[in-house]
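Going line by line, the protein sequences match chains C and R. With my numbering, letter number 130 in the first sequence gets 136, and the count goes up by one each step, no holes. With my numbering, letter number 79 in the second sequence gets 82, and the count goes up by one each step, no holes.
Just so you know, these hints were derived from the structure itself, not from any lab. Just so you know, not all the hints are guaranteed correct.
Far from chain C, by Cβ distances over 12 angstroms, these chain R residues were calculated [unchecked claim]:
1. V30
2. G34
3. G101
4. G173
Some but not every residue of chain C turned toward chain R, in silico, with C-beta under 7 angstroms [what the hints assert, rightly or not]:
5. P36
6. E42
7. V48
8. T50
9. L98
10. P203
As the structure is a prediction and not an experimental result, all values here were calculated from the model. A virtual CB, placed ideally from N, CA and C, is assigned to each residue, including glycine.
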Amino acid sequence: MTPPSLGKDLLGLEKLTAEQIHLVLDTAEPFKEVSERAIKKVPTLRGKTIVNLFFEASTRTRISFEFAEKRLSADTVNIGSTGSSVQKGETLVDTARNLEAMRIDMVVMRHPSSGAAKFLGERIRSNVINAGDGPHEHPTQGLLDLLTIRDKFGKIDGLRVCICGDILHSRVARSNIWGLLKLGAEVAVCGPQSLLPRGIEELGVNVFHRIEQAIEWGDVLNILRLQLERMSAGYIPSLREYYRVFGVTVERLEAAAKDLLILHPGPMNRGVEIDSRVADGPHSVILSQVTNGVAIRMAILYLLAGGEPALAEAAKRTNREGLE
Amino acid sequence: MHSVHTRTLLDSAAIARALDRISREVVELAGGTDHLALVGIQRRGVELAERIARLIAQEEGADVPRGAMDITLYRDDLQTVGPRPIVGETRIPFDVEGLCVVIVDDVLYTGRTVRAALDQLADFGRPSRIGLAVLVDRGERELPIQADIIGESVTAPGKRVDVLVSEVDGRDAVELVEAVK
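Could you build the full structure based on these sequences and the hints that come with them?
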């Protein structure tokens with residue numbers, strides 16, 4: 007029995023099959039246990055070198071990747087856009103090729119431009135993992151959201167998940183929509199007209215303009231961060247106005263017939279898109295998302311690392327241990 | 004065209020007798036059940052450890068702590084195994100410190116699985132002793148590793164030894180599988 011493979015790079019959920027997404031979620035399960043041990047480390051990626059290349063600010067994702075790498079015993083280097091040759095005008099490909107010349111194995115990259123990870127993956131031999139490319143995709147966030155939902159319901163298929171807030175600028179929204187639809191969930195988006203991309207219905211999602219409708223409809227709310235810089239850009243009149251109309255509050259949730267599972271990718275703006283009492287409430291799995299993030303990233307690193315097909319074939323021919 | 008020739012080495016009654024003897028020897032090895040724990044190696048070792056624990060419970064009236072280990076993350080050949088194998092569950096719900104931990108597996112062959120299991124167990128703490136019990140020892144070691152307790156020794160160069168357990172495979176048997184030209 008040969009399990010499906012992920013290929014060389016993880017670029018986004020749009021191009022993955024349901025089978026590949028299930029493979030990642032199932033592989034993440036045993037990695038949860040590693041982080042619960044007293045010695046939180048396994049030797050799986052010993053001798054692998056991984057570069058975390060972050061051209062945009064990130065705390066959670068970068069640290070989560072770094073923990074995942076270290077718990078698998080990989081050697082890691084972090085590079086930011088400030089204080090590196092990127093500031094001196096070096097191109098992305100030149101930066102990566104120089105890193106490859108030092109014999110690295112993988113690059114985890116966050117970049118402000120859509121498609122940057124794909125561009126890089128086509129030009130270097132190392133595995134490339136997209137840690138967010140502009141407003142395009144954030145696949146590991148999408149996968150950890152799927153894992154967190156599956157943990158609570160035991161399935162994804164048939165659930166109704168509404169993604170709320172700034173859909174227009176959100177890579178998290180895009181990765182979630184593709185991942186959820188592939189696994190058989192019904193998906194909706196909810197937000198002010200100015201923050202919904204035109205033609206979003208064509209992806210096969212429902213659209214709500216009132217948060218009450220979304221709460222009435224859904225089993226799960228994934229509440230996105232309202233990026234505060236959007237206000238000055240004129241997308242919304244004021245933060246207070248946004249909270250009044252779209253804020254997910256205890257009162258609004260209590261009006262629903264059933265309990266909704268509450269996700270938020272962080273960082274939260276308490277009192278803007280989410281009420282503190284909801285964020286800290288019994289149905290919030292926001293911190294489980296963070297815990298699951300490390301397991302998902304360990305699974306991705308494990309699935310992409312090593313295992314060259316040619317070597318595997320040669321090993322199979324000489325391997326006498328054909329017991330499995 | 005290859006056809007496959009299968010010969011039964013142990014039937015379910017022979018396996019039951021072997022496990023009965025193994026369970027008594029496990030208790031002897033640990034000097035009783037007070038400090039004994041069993042850790043099965045995924046997948047069939049876990050089922051065998053469970054059965055040995057039941058036999059010890061019947062005989063000694065003691066509920067011996069049980070754990071399970073998947074050694075995939077500790078393999079030394081991950082670079083060459085191709086598509087990543089699915090990793091099973093590792094669960095050691097007790098403190099191994101000061102215990103006599105007996106590792107249980109179905110077949111002992113090259114010894115590489117046991118080497119990985121020893122490394123993994125060391126990351127959970129320091130047992131006072133680690134033992135190894137296997138249903139079948141088929142020899143041909145590639146590392147200096149030996150079992151303390153063996154159900155049945157067989158020689159099977161160039162062949163495959165399959166252990167089937169009813170919990171996973173629907174029946175109990177140890178079979179020698181040979182490709183015939």
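Non-conforming hints, listed in increasing numerical order | The structure breaks hints 6, 9, 10; every other hint is satisfied.
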